[in-house]
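Q: Each chain, written out:
Protein chains: 2
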Amino acid sequence: MASPSLTSSPSARTAAHVTADDIAALAAGAAIFGTGGGGAVYTSQQITERAIREHGPVRLLSLDDLGPDDAVIMMSGIGAPTVGIEMLASTDQVETLLREAERVAGRRITAIMPAEIGGSNGVSPAGWAARLGVALLDADGMGRAFPEATMISTNVAGVPCAFAVLSDVVGNVVTLRTVDLGWLERHARAVTVAAGGICLGAHYLLTAETARGAVIPGTVSAAIRVGRALLEASDPVPAIAAELDADVLISGKVVDVSRRTEGGFVRGSITIAGIGDDRGRLQRVELRNENLVVLEDGEVLATVPDLITVVDLETGHAISTEMLRYGQRVSVLAWACDPLWRTERGLELAGPRAFGYDLPYVPFERKDAR
Amino acid sequence: MASPSLTSSPSARTAAHVTADDIAALAAGAAIFGTGGGGAVYTSQQITERAIREHGPVRLLSLDDLGPDDAVIMMSGIGAPTVGIEMLASTDQVETLLREAERVAGRRITAIMPAEIGGSNGVSPAGWAARLGVALLDADGMGRAFPEATMISTNVAGVPCAFAVLSDVVGNVVTLRTVDLGWLERHARAVTVAAGGICLGAHYLLTAETARGAVIPGTVSAAIRVGRALLEASDPVPAIAAELDADVLISGKVVDVSRRTEGGFVRGSITIAGIGDDRGRLQRVELRNENLVVLEDGEVLATVPDLITVVDLETGHAISTEMLRYGQRVSVLAWACDPLWRTERGLELAGPRAFGYDLPYVPFERKDAR
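Chains as they are written, first to last, in the working numbering: chain A, 1 to 370; chain B, 371 to 740.
Do not take every clue at face value.
To be verified - Which residues of chain A face chain B? A partial, calculated answer using Cβ under 7 Å:
id : residue
1  : V169
2  : V170
3  : N172
4  : T175
5  : V179
6  : I319
7  : M323
8  : G356
9  : Y357
Claimed, not checked - Derived list of chain A stretches under chain B, where covered just means 3 residues or more per stretch with a C-beta under 8 Å from a C-beta of chain B:
id : region
10 : 142-149
11 : 239-251
To be verified - Just a sample of chain B residues kept apart from chain A, beta carbon distances all over 10 Å, derived:
id : residue
12 : E470
13 : N542
14 : T548
15 : R556
16 : P587
17 : E602
18 : S604
19 : A611
20 : D617
21 : D647
Think of the hints as simulated: they come from the structure by calculation, not from any bench. Cβ atoms here follow ideal geometry from the backbone N, Cα and C, with glycine treated the same way.
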């Protein structure tokens, strides 16, 4: 059943709104796009629903809806998602952030967008837009979750990041003009740790012109659609797969979890033994915060930047890498990333080698088409 | 002998300039005002002399010289002075800093001033002013050196710090708007560590009106005068003491050094056994980066915020707390701090209790007047 609030016909897109009733679906979908990372969505879902109930539905703009006076900025939570579960944002933290971004930019900001659609950062911007009284752009900077600031569509497209602003729960605001995104990552991380482990951030001020080709379009509404399919289907896994045009690589039981926390990342792998039609097969999923590579009998079935998500076999809900446990019944879904990540620059930033795997990138396509 | 360049008559003050020939004296004097801290002056002296030879003498303004169009900002190096000896500032780091401060302030900055006159931070601003083509205000924010951002005259006077800007050697620029100076210290420290251990910083944008009563006047020219007395006198210690209106508390030999590096500070004490006329006397100097308290036979002779400097008995050069060694022949000088530090707020921020000593503050006055 289609959402009554989120219209999917392109011609009606300008009238689309995100309502509080869309947020459970957005959260479930964002977890799927999180490919195992991006942080737990439950707290963000609660806060976002509440913000929209209080401030009203949020206008969802497509790239085509942007006019010459529009200015869009990417927003996200930065730091340890586990801290974010307990240390909530202060009530005016996002207002402080937007005010400072407008001061630095010297112009009014009319819309915000998620820096990443995967995980809690895909959910929260809807609530922030409600609080701020601005629109939400139906797009993000990753089309998934990635662990590093350099892995963003605007960087692939060569759009410079003129500044970034951070606000912390205390009321401090920090503006960064860095020589590159590596230094942005380094300084933003230092401030975030000093602030207690989590900050809100805004960066990449975009116009209708600079956004085109530099963001991944349609990902907010895609997350809501996928989440709704998950929540409403009687058999969720095939429903999600159909919505994503994804393959189910295996359905089985987690028989081994090898995982350590190292350098601020979750690293390791899990092994899944097939059940039902997949009995006798074994797959290994390599992970570093996100799921990165799927292997079976020495063959690489899928690699980053294509999307790999481990979901609960019954409910279809995504299982994040830190929640994987021995004995879980799961399905592994894989689907194609946005074409932007398949360019030379995209693969340099976020291909298997960027994650330390000495593997060539082979585009993931539907098995039956191979 | 008076400096040919630095005129001391008030009526001619507007014509005063700091030339390259003043910098050796400025460095020696700033080390004296460093009260054991503030960082070694030698590298700053070299860089500053070179900058002034290249760009020309720097106009030295008194507070009375400031007009309605003037805007002054405090500048200083932040981080570990020991790093600063090896990791020099990049050639355009101070220009980047000023440009960003002007952008944030929305106005042209016509003069800079040292945040602290003590140590290398009292020397470098003369060279920065030369590079930037702006004037140097004959004033600072401490009248000495202090270890923490909260211990600054503008804070005593209740002037708010609207923003601070940091620039690092890489070319990154960070602007901080913090709820208080404690958070400024915390975030600036985090960025400085991430930047490799040292940054240049600018904060406290002041006008003729807000500067009055909120800065310590005349300290740049005072440092030059004291340094010149030190460099030119045949018997430097009495010459410095006369210039500073200071007491020589003891002259003797360092017979014990108890010092550890803890929490980023040098802490400990030294014991000095008198020689010559002071034979048979023992004094202890307590220190934390700076010299804080002098005791003799259980009596407190001087405490912070009054100034205590240990100098070489022969040369008169200040010995910083990390350079104190067993066997050194030294004199201990003490003199009165600026009246601003003797106010209730001044003592709350920088009195003995602010440094963890459960001692009342007793103003240091000349021994013969007690």
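Q: Could you run down the list of hints and mark each one as holding or not?
A: Hint check:
Interface hint at V169/A: violated, since its Cβ lies 11 Å from the closest Cβ of chain B, which is beyond the 7 Å cut-off. The beta carbon of V170/A comes within 6 Å of a beta carbon in chain B, closer than 7 Å, and the hint placing it at the interface holds. With a cut of 7 Å, the hint placing N172/A at the interface with chain B holds, because the nearest CB-to-CB distance is about 4 Å. A cut of 7 Å between beta carbons decides the hint on T175/A: the least distance to chain B is about 4 Å, and the hint holds.
Here the hint on V179/A is kept, as its CB sits about 5 Å from the closest CB of chain B, short of 7 Å. Residue-level restraint check for I319/A is violated (minimum Cβ-Cβ distance to chain B is 34 Å; threshold 7 Å). Given hint, M323/A at the interface with chain B, is violated; its Cβ is 31 Å from that chain's nearest Cβ, farther than 7 Å. A distance limit of 7 Å between C-beta atoms decides the matter here; for G356/A the minimum to chain B is near 23 Å, and the interface restraint is violated.
Here the hint on Y357/A is broken, as its CB sits about 28 Å from the closest CB of chain B, past 7 Å. With a cut-off of 8 Å between beta carbons, the region 142-149 of chain A has 0 residues touching chain B; three or more are needed, and the interface restraint is violated. Judged by the Cβ-Cβ criterion of 8 Å, the region 239-251 of chain A is not covered by chain B as claimed, because only 0 of its residues qualify and three are needed. The non-interface label for E470/B is inconsistent with chain A: the shortest C-beta to C-beta separation is roughly 7 Å, within 10 Å.
Against chain A, the non-interface label of N542/B is violated: not every CB pair exceeds 10 Å, the least being about 4 Å. Once the 10 Å rule is applied to beta carbons, T548/B is inconsistent with being away from chain A; the minimum gap is 4 Å. Non-interface status of R556/B relative to chain A is broken: a Cβ of that chain comes within 10 Å, the nearest being about 5 Å off. Under the 10 Å C-beta cut-off, the non-interface status given to P587/B relative to chain A holds; the minimum distance is some 31 Å.
Non-interface call for E602/B relative to chain A: holds, since the shortest CB-CB distance, roughly 46 Å, exceeds 10 Å. For S604/B, the shortest C-beta to C-beta distance to chain A comes to about 51 Å, beyond the 10 Å cut-off, and the non-interface label holds. Every Cβ of chain A is farther than 10 Å from the Cβ of A611/B; the closest lies at roughly 43 Å, confirming the non-interface assignment. Every CB of chain A lies more than 10 Å from the CB of D617/B, the least distance being 42 Å, so the non-interface label holds.
No beta-carbon of chain A comes within 10 Å of the beta-carbon of D647/B; the shortest separation is about 52 Å.
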